[in-house]
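Number of protein chains: 4
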Amino acid sequence: MTDPLDPLDLEALEAAARDQLDRGVYDYIAGGADGELSVAGNLAAWSRLRLRPRVLRDVARVSTATTLLGSEVATPLMVAPMAYHRMAHPDGEAASAAGAAAAGALYVCSTQATMSVEEVAAAAPEAARWFQVYVVRDRGWTAELVARAAAAGYRALVLTVDVPLLGNRLRDLRNDFRLPTGLKPANAPPAGAARQRELASDVLAQAGQFDPSLTPDTIGWLAERSGLPVVVKGVLRGDDALACLDAGAAAVAVSNHGGRQLDTVVATADALAEVAAAVGDRAEVYVDGGIRRGTDVVKALALGARAVLVGRPVLWGLTAAGAAGVERVLSGLAGELQLAMALCGATGLGQLTPDLLAGPDAARS
Amino acid sequence: MTDPLDPLDLEALEAAARDQLDRGVYDYIAGGADGELSVAGNLAAWSRLRLRPRVLRDVARVSTATTLLGSEVATPLMVAPMAYHRMAHPDGEAASAAGAAAAGALYVCSTQATMSVEEVAAAAPEAARWFQVYVVRDRGWTAELVARAAAAGYRALVLTVDVPLLGNRLRDLRNDFRLPTGLKPANAPPAGAARQRELASDVLAQAGQFDPSLTPDTIGWLAERSGLPVVVKGVLRGDDALACLDAGAAAVAVSNHGGRQLDTVVATADALAEVAAAVGDRAEVYVDGGIRRGTDVVKALALGARAVLVGRPVLWGLTAAGAAGVERVLSGLAGELQLAMALCGATGLGQLTPDLLAGPDAARS
Amino acid sequence: MTDPLDPLDLEALEAAARDQLDRGVYDYIAGGADGELSVAGNLAAWSRLRLRPRVLRDVARVSTATTLLGSEVATPLMVAPMAYHRMAHPDGEAASAAGAAAAGALYVCSTQATMSVEEVAAAAPEAARWFQVYVVRDRGWTAELVARAAAAGYRALVLTVDVPLLGNRLRDLRNDFRLPTGLKPANAPPAGAARQRELASDVLAQAGQFDPSLTPDTIGWLAERSGLPVVVKGVLRGDDALACLDAGAAAVAVSNHGGRQLDTVVATADALAEVAAAVGDRAEVYVDGGIRRGTDVVKALALGARAVLVGRPVLWGLTAAGAAGVERVLSGLAGELQLAMALCGATGLGQLTPDLLAGPDAARS
Amino acid sequence: MTDPLDPLDLEALEAAARDQLDRGVYDYIAGGADGELSVAGNLAAWSRLRLRPRVLRDVARVSTATTLLGSEVATPLMVAPMAYHRMAHPDGEAASAAGAAAAGALYVCSTQATMSVEEVAAAAPEAARWFQVYVVRDRGWTAELVARAAAAGYRALVLTVDVPLLGNRLRDLRNDFRLPTGLKPANAPPAGAARQRELASDVLAQAGQFDPSLTPDTIGWLAERSGLPVVVKGVLRGDDALACLDAGAAAVAVSNHGGRQLDTVVATADALAEVAAAVGDRAEVYVDGGIRRGTDVVKALALGARAVLVGRPVLWGLTAAGAAGVERVLSGLAGELQLAMALCGATGLGQLTPDLLAGPDAARS
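Which chain is which? The protein sequence lines are A, B, C and D, in order.
For the first sequence, position 246 matches number 246 in our numbering, and the numbering has no gaps at all.
For the second sequence, position 155 matches number 155 in our numbering, and the numbering has no gaps at all.
For the third sequence, position 103 matches number 103 in our numbering, and the numbering has no gaps at all.
For the fourth sequence, position 176 matches number 176 in our numbering, and the numbering has no gaps at all.
The hints are simulated quantities; they were obtained by calculation from the structure and are not laboratory data.
Some hints here could point you the wrong way.
[As the list claims (entries may be wrong)] Selected chain A positions facing chain B (in silico; Cβ < 8 Å):
| hint | residue |
| --- | --- |
| 1 | D19 |
| 2 | L21 |
| 3 | S63 |
| 4 | S116 |
| 5 | G234 |
| 6 | V235 |
[Unchecked claim] Quick partial rundown of chain A residues pointing at chain B, CB under 7 Å, derived from the structure:
| hint | residue |
| --- | --- |
| 7 | D172 |
| 8 | L242 |
| 9 | D246 |
| 10 | T264 |
The C-beta atom is built at its ideal place from N, Cα and C for all residues, glycine as well.
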């Protein structure tokens with residue numbers, strides 16, 4: 001039997017995680033909203049794009065280094081904010097953050113982590129880390145949390161805006177999914193003690209605390225409270241992206257929450273071109289959703305993204321081998337990216353330009 | 001085993017109905033004309049459309065309320081007119097009407113009901129109800145029937161225009177499908193006694209009484225006899241929609257009869273845009289055919305419909321649990337609609353505008 | 001078990017023929033060239049087209065009658081010229097011709113019939129019959145044959161132009177297909193006696209006698225020798241259609257020989273629009289390839305054809321029930337056509353206009 | 001059981017090779033990069049193109065003869081340069097070259113042959129042969145090799161430019177693929193003796209010797225050292241093609257290395273039109289990738305190629321029957337091409353013009 005981490009084989013790695021995890025946990029990670037057409041649609045959209053590689057460029061040296069809001073990273077990969085890493089491995093978010101740092105990728109810690117912001121920070125003290133924030137109805141608690149994140153050395157906030165209400169995740173509803181015994185959200189907002197205990201395991205109810213009345217003003221409020229730049233994650237339209245920038249966002253992340261919120265939305269690869277065209281040089285643009293290959297990263301950057309966020313594959317690697325698994329997933333993707341760049345005739349990320357992509361007609365082959 | 005009514009899982013609910021119903025009855029409900037490509041095409045067309053949700057709108061309060069020809073409804077859902085509900089459940093159309101009323105949806109009673117117009121009215125006396133009419137060769141009988149409907153509090157007539165002849169429904173022909181013993185069409189037109197008995201069970205022959213010589217003039221004739229506004233159901237073209245309005249129709253319903261009449265017709269999602277563009281603000285436009293998700297409703301309204309008609313899922317709910325089953329199907333869809341609106345950043349139906357839909361290229365993902 | 005002839009179910013009828021015929025015979029009928037992509041492509045192209053039916057037309061009376069080069073027919077259906085009907089049924093081409101006549105369709109007798117032109121004529125003396133001609137290297141024999149056809153009351157010649165060489169029919173090559181013992185081509189061109197015996201069963205070798213050097217001049221030569229109008233069958237391009245008319249053709253038939261000659265050619269439904277546009281009102285245009293439903297006929301006529309040729313389904317009907325089977329296949333299709341016309345709001349073939357078809361985007365549903 | 005070489009049935013021939021070869025060898029031949037989407041995409045792109053054949057042309061004589069950089073060939077087919085033929089058959093490249101010569105096709109010998117340039121030349125001394133060159137880091141050795149090729153009568157060099165680094169061939173990595181015992185690359189570049197032994201079997205490491213810093217200047221350098229015209233193979237863009245010609249290339253070959261280097265690149269059929277349009281009459285253009293039928297060759301030439309390269313099918317034929325197998329594969333394709341030309345109404349390769357191809361809409365059938 002071959003090792004799905006070397007060479008990186010994400011399909012086999014997911015199958016291994018499916019075997020290893022409880023059904024409810026696996027389904028929570030894998031599932032999407034409604035019929036899960038957008039989960040599949042994200043993947044298909046990257047695969048469908050066709051590359052037009054350049055030849056006879058000197059590619060003896062290829063660099064994947066870049067900066068993300070000024071932070072230097074060795075590769076334009078970020079770990080997408082995801083909840084409850086300790087469901088996948090006892091070392092939890094600390095392992096994920098350490099693995100990301102070892103691979104030269106940026107780590108985005110979720111509000112719904114099973115370890116505190118400070119514990120996660122301690123696992124990768126020198127590395128580029130950002131903090132993802134859900135704004136809950138108790139604004140004071142949110143303000144406190146983002147101040148803690150700033151103090152713990154997170155360099156930006158990632159405001160998730162596509163969960164005013166929780167999507168219709170049929171797998172979790174059918175499974176009556178709850179956090180495994182012994183796990184709890186380390187950063188859960190305050191509530192009565194009984195309610196707190198209940199919430200601790202009720203994953204779906206936790207989302208009910210999110211504030212559904214956010215507006216672009218929230219961006220400035222967060223920036224002010226934290227003193228950090230704010231990335232708005234969950235944007236799928238050019239007009240929304242501009243509204244976010246006008247309201248003080250430092251960057252936007254094109255995302256449909258991995259197909260977990262609203263089904264049959266536009267694939268992120270398709271939304272990216274519109275958003276990148278609207279934003280132009282005003283701000284950095286990132287994208288997530290279905291990134292599984294180095295060639296997917298090349299396509300995302302050619303469409304205008306500065307970096308991509310990788311989600312489920314990180315949890316599969318964490319399940320398989322803790323921090324080392326996360327590192328190997330991200331290093332594997334980084335290696336695939338470097339190879340794909342060389343085979344496209346590109347020695348730096350700035351050379352990943354739109355002409356590397358064929359028009360839609362070619363996408364049918 | 002999970003309950004397909006909570007959370008609503010229409011695929012499982014249909015499978016349950018298939019298990020529970022006689023083969024002939026299930027086939028009558030499920031089947032379409034010829035190769036049933038339009039049955040599948042309706043479903044595929046909604047799934048294929050891609051949403052472009054808006055973010056950072058205050059969606060703390062989302063309302064699905066609207067009016068349909070002046071009648072207030074809590075949700076833009078109608079029960080499509082369908083024949084012979086007592087095949088699905090002994091409580092028949094009364095249960096369907098009561099379930100619809102409980103869910104805040106409008107009920108359209110079929111000429112081919114297995115309960116009289118008065119019995120159905122009595123089941124939901126206060127609720128918004130419309131009456132679907134087939135014009136038969138005996139015009140006097142038709143005039144009498146629509147007068148009864150008006151007297152029983154039905155607030156509009158729905159004139160079905162796509163059955164001048166019955167479609168080539170191969171399942172019913174192969175099954176030699178007849179009404180189960182003990183059931184008869186409550187509103188069957190008059191005929192000799194022997195012929196009447198025969199017709200009572202011969203579903204296909206009943207349709208032979210429909211008048212194949214209808215013209216737009218029929219619309220005015222019906223309005224005059226009933227004193228009710230007339231909705232023309234079965235329109236797939238903009239020019240036909242305008243001809244109906246010119247002849248006095250109050251609204252049109254884009255429909256291909258659930259794929260049961262002419263196979264390989266245009267999907268209703270595809271026809272809707274053309275019809276809505278032609279009609280503009282002159283009249284209300286509705287649509288049916290393959291609506292299975294709250295996101296389908298969002299798409300229909302974004303394309304210009306004021307409401308949608310739901311057909312087969314209502315009969316599956318009726319089969320499963322009578323009135324309660326109908327209520328849960330419709331409430332489930334209404335809840336999905338409300339959630340989808342919130343996730344699209346819309347707080348009212350008026351905000352479901354065409355920009356929520358991506359162009360055709362994105363539909364391939 | 002249901003009868004695939006009533007209601008007409010061509011899929012089941014083909015399955016029955018597959019069970020009944022020798023494998024080699026079935027494969028000869030069913031097969032195509034190379035990978036048989038064009039066999040499937042013809043079928044898919046008709047299915048993919050979407051109808052835009054009209055409503056509220058008085059369709060109490062619907063006529064499918066028309067004329068084909070002046071001959072009156074009850075329905076715009078022709079039996080496509082096909083070889084060796086006695087492989088399917090001992091009554092052979094006589095049964096096919098009689099069945100076609102009974103259904104009001106036009107019969108096209110093949111050069112490669114297993115009964116003589118006169119025998120076939122005698123089976124349907126009053127009916128509209130045309131004769132299909134392969135021009136062989138021995139022009140004298142061809143001249144004699146078409147003169148016999150004219151004398152036997154065939155009213156037009158159908159010149160097949162897409163077999164200068166025989167297509168790469170892998171099934172027949174693998175099966176080493178030969179005519180069953182006792183059958184022989186009744187109209188085989190002269191050859192030495194030994195060669196004649198060999199040819200009598202070697203289906204593939206027979207085609208080697210066809211003249212590969214035909215040019216448009218052949219059209220005029222045939223018309224002159226026979227005194228009959230000449231239909232050119234096998235045209236897929238507008239420019240070729242015009243060249244045929246300029247050379248004296250009375251009509252053209254858009255055909256790719258049922259996918260049996262060159263694989264991956266344009267589907268006939270796709271070629272038809274181009275040819276019909278080029279020809280305009282100068283001449284009649286027919287089409288074959290994959291016609292399996294009444295709706296297919298509606299689409300063909302809406303695209304500009306005056307009639308369609310039906311091939312394999314006729315042989316399946318012949319296999320099942322001789323002349324009666326042929327009649328029921330053709331009557332079934334004619335009935336489907338009449339129903340589809342009514343459901344499209346058309347009372348005559350002249351009302352089957354291009355606006356009945358949706359644009360290519362709708363074809364994806 | 002039928003012989004997959006007569007009539008040529010490449011699907012069956014591949015299945016036979018799969019049965020006969022060691023798994024690792026078969027996978028090395030069949031595999032591609034990453035998810036192998038481009039392996040499949042090349043095939044699909046040719047199949048998807050639709051032909052518009054001409055009729056009533058005199059095709060009694062059809063010639064497939066042409067010249068390739070001035071060398072006369074009987075058919076516009078070339079054996080693509082592929083490594084290690086002795087893995088498929090003990091007679092190795094000598095058999096392939098002899099088979100190609102017997103079929104009238106041009107042979108391109110790979111740098112990574114298991115027989116020396118001189119041995120291969122001796123197997124087909126009179127035939128048109130070209131030599132494929134990988135430029136390795138040791139330029140002196142490369143210069144020596146191409147001089148030997150020129151001396152051995154190879155008439156052109158084929159510079160492969162799409163392997164600056166080896167693609168991510170997951171099958172070979174999982175199989176830890178190495179050359180079977182007893183085989184070694186006959187033209188391996190010099191290295192220390194121990195390293196040499198290691199390299200001799202480590203197929204993947206050998207590619208590590210290729211020079212990743214090639215630029216268009218390499219073209220002129222090769223031409224000068226060898227005195228031969230240089231064909232640049234691996235071009236997928238019009239701008240790159242022109243840069244190659246500007247740098248002295250005599251021709252370009254549109255290729256994505258059979259999908260073995262960068263996955264999800266544009267299919268060669270799709271890239272060909274762009275490259276041919278850019279090059280115009282300045283130089284010859286060839287194409288490879290997924291050519292499996294005579295109709296594929298017709299399409300390639302109609303899109304602007306002067307000839308095609310055939311890869312994996314040659315190795316399947318070699319596996320099955322040595323030189324005779326190669327000859328039959330190529331003769332079979334040449335025969336299919338000739339037949340397809342006749343059925344398109346073309347008597348020479350110059351008549352294979354773009355109007356033989358339908359537009360993209362027709363490609364959906």
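Cross-check of the supplied hints:
1. Restraint check, D19(A) versus chain B: the minimum CB separation of about 23 Å is more than 8 Å; hint violated.
2. A distance limit of 8 Å between C-beta atoms decides the matter here; for L21(A) the minimum to chain B is near 20 Å, and the interface restraint is violated.
3. For S63(A), the shortest C-beta to C-beta distance to chain B is roughly 31 Å, which exceeds 8 Å, and the interface hint is violated.
4. Hint on S116(A) is violated. Least Cβ distance to chain B is approximately 28 Å, over the 8 Å limit.
5. Satisfaction of the interface hint for G234(A) is found here, the shortest Cβ-Cβ separation to chain B being roughly 6 Å, below the 8 Å cut-off.
6. Residue-level restraint check for V235(A) holds (minimum Cβ-Cβ distance to chain B is 6 Å; threshold 8 Å).
7. Against a cut-off of 7 Å between C-beta atoms, the interface hint on D172(A) is violated, since the closest Cβ of chain B lies about 10 Å away.
8. Interface restraint check: L242(A) against chain B, minimum CB-CB distance 12 Å, threshold 7 Å, status violated.
9. Annotation: D246(A) was flagged as interfacial toward chain B, and the flag is violated, the nearest CB pair being 11 Å apart, outside 7 Å.
10. Look at T264(A): its Cβ gets to within about 5 Å of chain B, closer than 7 Å, so that hint holds up.
Consistency with the previously given hints fails for numbers 1, 2, 3, 4, 7, 8, 9, ordered from lowest to highest.
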